[in-house]
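Chains as they are written, first to last, in numbering that gives the first Met the number 0: chain E, 0 to 615; chain A, 0 to 169.
Possibly wrong hints are sitting among the right ones.
Between beta-carbon pairs, the in silico distance windows are [said to hold, decoys possible]:
1) E:167 - A:95: 29 to 37 Å
2) A:98 - E:607: 54 to 62 Å
3) A:98 - E:331: 38 to 46 Å
4) A:13 - E:365: 28 to 36 Å
5) E:14 - A:39: 30 to 38 Å
Keep in mind the hints are simulated off the structure, nothing from the lab. Don't be surprised by glycine CBs; every beta carbon is placed ideally from N, CA and C.
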Amino acid sequence: MTWELEDRDLSEECIFRTIYGEKHGWKIFGGRDIADMIEKQTRYTADLYNVDIRQEQRFLAENNLRLCLNTGDDVFSSGPGMPLSVMEIQASVAPHRNKEMRSLSAVFGGRTWENSGSNTELSEWLIDLVSETDPDVVLFENADGWMHRICKIADELQIFNSLSRTGTFGELKSRSYFSYGRTEYKPPAMIPEGRVIIDNAQSFVYHEGGLRGVFLASRLAGVSPNLASRFTPGTIVSKYEEFEALRRGIAIPYRKRDAEMLRPSNEIRIDYRGGLIFQPEPSVYGNVHQLDFTSFYPSIIVNYNLSPETMENPGIEGFLPSVIDPLLKFRLKTKSLKKIDPEYSGMDALLKWMLVTCFGYTGYKNAKFGRIELHEKITTIATEILTGVADIADSMEMPVLHGIVDCVWVQGGDIKELKRRVEERYSIPTEYESYDWICFLPQKDGSGSYTGYFGRLTDGQPKIRGAAARRKDMPPYVRRMQEEMISILCSEKTPAGLLNLECPIREIYSRYYEEAPSAPVEDFLLRRRIGREKYTKRCIAGTLIEACRDDGVHISAGMDIPYVVRDARRQAADPEWAMKTADMKYYRGLIDKAYGEIEFVFSSIKKKDISRQGER
Amino acid sequence: MSKDPKKIPFFSQGTFSIVAAPHEALLPAIASTLPPHEKSLCLYLCGNYPVLLPKLDRRRRIFHVRRAINPYQVFEILDESRHSLILFEHDPGLYDGEPELAEAVGMKCRETAEDAAVVLFHKRFDSALSMMERYADRVVVISEADKTRPIEKARATRCGQTTLGSWKNG
Chain E
0 MTWELEDRDL SEECIFRTIY GEKHGWKIFG GRDIADMIEK QTRYTADLYN
50 VDIRQEQRFL AENNLRLCLN TGDDVFSSGP GMPLSVMEIQ ASVAPHRNKE
100 MRSLSAVFGG RTWENSGSNT ELSEWLIDLV SETDPDVVLF ENADGWMHRI
150 CKIADELQIF NSLSRTGTFG ELKSRSYFSY GRTEYKPPAM IPEGRVIIDN
200 AQSFVYHEGG LRGVFLASRL AGVSPNLASR FTPGTIVSKY EEFEALRRGI
250 AIPYRKRDAE MLRPSNEIRI DYRGGLIFQP EPSVYGNVHQ LDFTSFYPSI
300 IVNYNLSPET MENPGIEGFL PSVIDPLLKF RLKTKSLKKI DPEYSGMDAL
350 LKWMLVTCFG YTGYKNAKFG RIELHEKITT IATEILTGVA DIADSMEMPV
400 LHGIVDCVWV QGGDIKELKR RVEERYSIPT EYESYDWICF LPQKDGSGSY
450 TGYFGRLTDG QPKIRGAAAR RKDMPPYVRR MQEEMISILC SEKTPAGLLN
500 LECPIREIYS RYYEEAPSAP VEDFLLRRRI GREKYTKRCI AGTLIEACRD
550 DGVHISAGMD IPYVVRDARR QAADPEWAMK TADMKYYRGL IDKAYGEIEF
600 VFSSIKKKDI SRQGER
Chain A
0 MSKDPKKIPF FSQGTFSIVA APHEALLPAI ASTLPPHEKS LCLYLCGNYP
50 VLLPKLDRRR RIFHVRRAIN PYQVFEILDE SRHSLILFEH DPGLYDGEPE
100 LAEAVGMKCR ETAEDAAVVL FHKRFDSALS MMERYADRVV VISEADKTRP
150 IEKARATRCG QTTLGSWKNG
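Work the whole structure out from these sequences, hints included.
Here is the structure:
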């Protein structure tokens, strides 16, 4: 095949670089279709590189150019944002169930416009308005739901669609995919040219990082802000790694072929290969400190030079640490800057998410630069470090109450000294928070929950994780009740004083329990992610899919549906737009559950008192 | 295809066999094929979350293990293998999003079996295995393996906790 391609001047022999070193091969002048053909004809034995790279990303990398960066600025600089004009657009309804926008409002340069009418009238009006005001950035709520309709109308009317400065659009197709054990849905999108349109209702990167986060993602990954705002942090970090590889002249594998090395069966970790947990004894504790590592896994990658190629050759400089190190340093900078200037919060959030996902990507089946044993090595070192931290704490007579992956909770002692010793030994920055008291919640079987706790920080503020007040599977009514209870508990500084609050807490419970039937039905809204498009057994998700179909709402796996349980026994639920009544027996069960977590505070303190009396 | 409810046969070099059987039948059969002391004779190929591998005695019977997280890594592993016995624990997840590659993997197993015994096994004869069937010298299906397992049981068979290790304090 290579001869045939050579004869047609479609290939030439070459030597190129990969992360594993130089390779001899052929440069093929063709697209993905030829690559796929080569793959099939060689029965998947050919190693292909640089096949699925975006052309603009390749051009930028090969010419050492960056998007969204002022000339002369460093890519890892935290300088001021770009002077761009921003228009905000909102439709009066969401596109999932409504075909008509009904009315649109726009805000630009301190002025507000509003209009209502048919989709055709509104599309024409919006196109005129954008043409007149010419904003650089458009923040359009649910843009990815409406833009297809607006573009279609502009095509039908044969008018210049000014939402794109060239009048033309690219298209991102919708897809459902499986990630971290659940189905996700990515809606379709129309991508304009010369203008940035961000769907501020759907974009995770915008939600977490704002405009500065989107632009930072764009300049790091070498993709347009339109795409950056629609990618997940995992895709951003993957694109960033690809961009850095291209910039350094390293070829990017088309398929992740570097399988695990040959390993003797007695050396392989199968049953346990994740992070370490010290399970807490569920109870209330006073004078507790939480010590957290900052960007734990990325720091391990950098400090221990962990990369696919260093698994076999630990002496060489790893590609992965070399690209993560500047991200890590930049994150430490933005983390301190955001404390002085909140403008940096967006950049910091984006970097945080990129660093969080860069570890997971090492074990992801489609990641370009990952490997099973690399993923394992990172968690092995993480486990050793957390065990080491526990040893240091023990030696300082600070009992470890709980620990999970990258943080530990210790009781009493000198936390500043513990922080100093830990940082000195492991060269990874840490942060700590101190609690006047903290309650580690029990699991169903009575053992300590890994992630459920709440407590009072030394500044009097509550901190809640994993309890009903923070859980997405609890309705607002129940979350509100528990938040109210915890804020009352936080008026007491000591665990012993908490018992004085049993009566007022009980009153809150009774009030919420009794008043539930008269609360507005939207207070009982829950959200369900649809895992598949068809269910054979009767279940809430199946009922919701049926209801959506009846109402003409298109459903794909991975979509979220807000709903209210109408009759739990019959698995009957109504989507948000059709909700009428809530099953009080079911929701009162949730109220009891949330109250149970608070009641546990009192029962565990009483239990401790009884055991102390017994000791005396 | 043979349906042998009583026992799983031994595997000879130069053959590619597919075995679908309940774990209770598969486990002793696979364990008995592991050579006692020669780790370089046997390669255990599996996905990232093997179900049977953790249940095998991996200390007294030492063999080689390689895990693949996509079909391309399976091709690579089979290409590089010099073992005379390849035990391949089938992982349907390998073909998520690329079901057509199951057939190519079957073809590769057939090719590798020219110099080795290749045994591909799973608790159920699923659609990926049926795409590979035509390349196999022998297909053994133990009857119970055909049955769909209840969801609760299927969950319980996942080899316990595979992500977070936990220790109880105190």
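The hints, checked one at a time:
1. E:167 - A:95: 29 to 37 Å: Since the Cβ atoms of residue 167 of chain E and residue 95 of chain A sit about 35 Å apart, the hinted range of 29 to 37 Å holds.
2. A:98 - E:607: 54 to 62 Å: holds (57 Å)
3. A:98 - E:331: 38 to 46 Å: holds (45 Å)
4. A:13 - E:365: 28 to 36 Å: holds (35 Å)
5. E:14 - A:39: 30 to 38 Å: Taking Cβ atoms as reference, residue 14 of chain E and residue 39 of chain A lie about 34 Å apart, which means the hint holds.
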